[in-house]
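Peer 1: Sequence:
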Amino acid sequence: MPYGETPVMRYGVLGPLAVWDAEGRPVRVPEAKVRALLADLLVHGGGPVPADRLIEDLWANDPPGGSANTLQTKVSQLRRVLGRDRVVREPAGYRLLLTDGGDNRINGTNGNDSTDGTDGPHGTHGAHRNDVVGTVDALEFEELAERARAHREPAVKAGLFAEALALWRGPAYADVAESLFARGEITRLEELRLAVVEEHAEARLAVGEHTALAAELGALVGRHPLRERLRMAHMRALYRAGRQGDALRSFQDLRRELAEELGASPGPEASALHEAILRQETELATPAVGSLSCRTNLPAPLTPLIGRREAAGQVLARLDPGADTRLVTLTGLGGVGKTRLALAAAREASGRFADGVWLVELAGLGATSAPDDIAERVITTLGLCDTAATEPDLDDLVGWLCRAVADRKLLILLDNCEHLVEPVAVLAGAVLSAVPSAHLLLTSQEPLDIPGEAVHAVPPLTLPEHVDPAAIARSGAVELFVQRAAAAAPGFVLDADNAEAVATICRRLDGIPLALELVASRLRTLSPQELAARLDDRFARPDVRVRGLPDRQRTLRGMLDWSWQLLTEDERTVLRRLVVHADGCVMASAQAVCADAGLGAGRIPDLLSRLVDRSLVVREGDRFRLLESVAAYGAERLVEAGEETAVRARFVTHCTELAERENERLRGPDQRRCLERLDAETVNLRRALDLAVARDTAGHAVRLVNAQAWYWFLRGRLTEARRSLRTALAAGGVAAPAERAAARAWLAGIELRTSGAGTAAPPAGDDPTAGVEDPVLRARLQWFVGTGLTGGGHHREGRRLVEAGLAGARAARDHWGEAAALVELASHAPGGEASAELGAALFAEAGDRWGRLRATRALALAAERGGDGVRAERLHREGLHMAEELGLWTEVVEALTWLGRTALADGRADRATELYGRALSVSAERAYGAGEIRAEIGLGHAARLRGDRDAARRHLNRARAKSRTSGHAAHAARAETALAELDPLPGA
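If you read the sequence shown in my numbering, its first letter stands for residue 372, the second for the next number, and so on.
Since the hints were made in silico from the structure, they are not lab data.
Don't take every hint at face value.
Unchecked claim - Beta-carbon label-pair distances, calculated as ranges:
#1 1098 to 901: 50 to 60 Å
#2 463 to 670: 42 to 52 Å
#3 627 to 673: 47 to 57 Å
#4 1336 to 1279: 28 to 38 Å
#5 861 to 551: 12 to 22 Å
The beta carbon of each residue, even a glycine, is placed where N, CA and C say it ideally should be.
Could you build the full structure based on these sequences and the hints that come with them?
Peer 2: And the structure:
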């Protein structure tokens, strides 16, 4: 019997089957059939189960000889674990007693079901049910959900629902999921869980957590696309987070899924919500709550934080807005858990920062990166690229970032800074000096050593100090090891027989989390005692002692060495070749990079799966990643194998081909998903470019930047585009002349867009695209450079190139290029409505949302010039929805301000106030200064129209002050004029 057993037990079925004693210690139930027997009794909720039924459930159609005796043997084994009086035999069958009282059934299965209406949903009386609830986690889950539904306060409801969902450790009855006897109960519990998830989401919406929900519910909706209530919660969250386009697209996805799967249409509630979003009804607005914004990109934790509760509290205390320091650096050796602790503390601190908590991963940046490179990564994470692209001559990204977030109250988590200490120190110093309400949390193997830095050393997990099993179980290292071991070997629990061996393992590995996770998977084939003996033998050998390394680092190195030696040769090959990916990879990338003549691509999925099972590779969704310590170790092995050059070459080739494939899809119906795929591969593509330049393979470098140029433009990453194009063109080695010509043309168009109006000289020569051999690409580049010239004030030269692009596109029968040129020409010429209409039709045929947005804007301007205000407003509203879907936030602001002007002209002051208010909110969030100024001026005019002169004066004064500090002279003049009209001089 396990150590410390008591007569009272608690059972867990919301995940792998688990049993705990009265003090919360896990109780090990040996042997799969015994666990299945316990699960069967729990499925029947304490009611009697006939022996014949149990035999059928446990052995299906293949019962053993003497099945009754075999069943009795399993019952005896279960009684030895739980106590003899817990499993009783009655005339009706075997029963599991859940309480010390007599009748403890929870499903009304004794043949005397109540008919007087006093029983609850499971056939138990109220008082008696309360006794049973605490013994089974599924009942506790249902009880918490019922309490939440009964409460009227949204914050309390959300807390109770969250507490209920936290009881789930995995799929219900995971050990017996394939057994027929459990399927009905599993289905019931899963349906209850999803219902609670939906109710929890609605409660969180009521307390203003829409931004976090918009990010969190996406994957769940993807797994359950037909659940309308879940979909509606996601739609509301998306709308309130400023993503109206995504909310509308989600409804269209629901409509398509229902039609394809069930031949049905969305219900009236979902349809009504869709209509309300289209009309932007006021009842959809975010409720007024006192909670701070929860905007963040922090990933949801895959596993709970173990052994770090006190440390997390200490870090959290340092992140208090009233604390003396605003820079906290977590230091420690690789594999000690710095990132996990930082994420946990940042997540807890999210409510303290109104402008969000943001994770910026720096592992993918090269050691030669400058402060501007890190600032660019932060700008991208904060979603400010689109705004940055509107700034001319943007060469100081650190300074621009500081100005953009100067008034924000936010926390930025910079992860893996050890190879970038100096540039990170420069960025940190600038941000802390310029942004008084910003806090920085860093993880690094060494501190920055700058004034104001608070260093928090992250030690290994606490080790067991005593031999008593209960004391051993309280050790952080043991707690982590036991959890990972139970995940690897279902049924494993800490007990009196193995506690000493587990303690030995944890001490031998110095409590280093990564080492513990690596070794825990070995319990599939070894007992704890055998594993401890292997470790003692392993670390006693001289070949694992690496000179010059601290003891704990030597322990981790020895653990990695041992894990490596236990791999097959093919597993080693895959592991060391994966390290070339700077930011993880999908399966197709792993196959392309890891496979060669001696290792077929078809074998990679199985090998990768085995590495995940051994905790050497981490799977996150569809991506596979290496922890930093494993990656560093694998890099050494890659060099040692003499494969570094070949693997890097395959990686560069794969990234080049991937970028070229996606570039072809960027102008069609798959545009949004293509953008998302390139977003996910951004760090890898940067690494590929760095490697191509370092290897003097200009051919690949130039192909890479040409393939990404349009993506960079769509994402507003013009600074990255300019730097990358220049770097590739300066690379050594041979590149095809036509590829170089294309790169020079892309660079010319980008430089025109990153220079101030009228300050950029036109490219040298009559046609900057000369030398581009592909007629389709040349016509598109003529349009791209031509529009850059037009935007920079060189209208004649720009129009000439765009017209050449139109002729070239038509000659090459490129409808996309023809549409782009037509829309551009229509935007700058009176009477161009027909060209805009044709361009819009061609873009619609291609399925390009960005192109349709451009065409819609051109049509709206044409309608406005023709005096058709109704059509112009409809088109601007359509453009607004498209811009929101694509995340083009400056375009969103332009559409909102135009609609606001229209509302003002019609005398609709309240509608104008709403539109300008949205424009101001988006502009402030995206650090779009020009948009903020225009929105403030518009709000001033709307207030004047309402007769509120004080409010009008406040808005106009803010617009004037911001115009002066940001150098927007034209906007300052508009604000001055509006103020003069508001307060005319005496006698005027």
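Peer 1: All hints are to be evaluated individually against the structure, with a verdict given for each.
Peer 2: Verification of the hints:
Separation of residue 1098 from residue 901 is about 54 Å and conforms to the stated range, judged on CB atoms against 50 to 60 Å. In this structure, residue 463 and residue 670 meet the distance hint of 42 to 52 Å, their C-beta atoms being roughly 50 Å apart. Distance hint check: the CB atoms of residue 627 and residue 673 are about 31 Å apart, inconsistent with the given range 47 to 57 Å. Separated by about 32 Å at the C-beta atoms, residue 1336 and residue 1279 satisfy the suggested range of 28 to 38 Å.
Against the hinted window of 12 to 22 Å, the Cβ-Cβ separation of residue 861 and residue 551 comes to about 20 Å, which satisfies the hint.
The structure does not agree with numbered hint 3 stated previously, though it agrees with all others.
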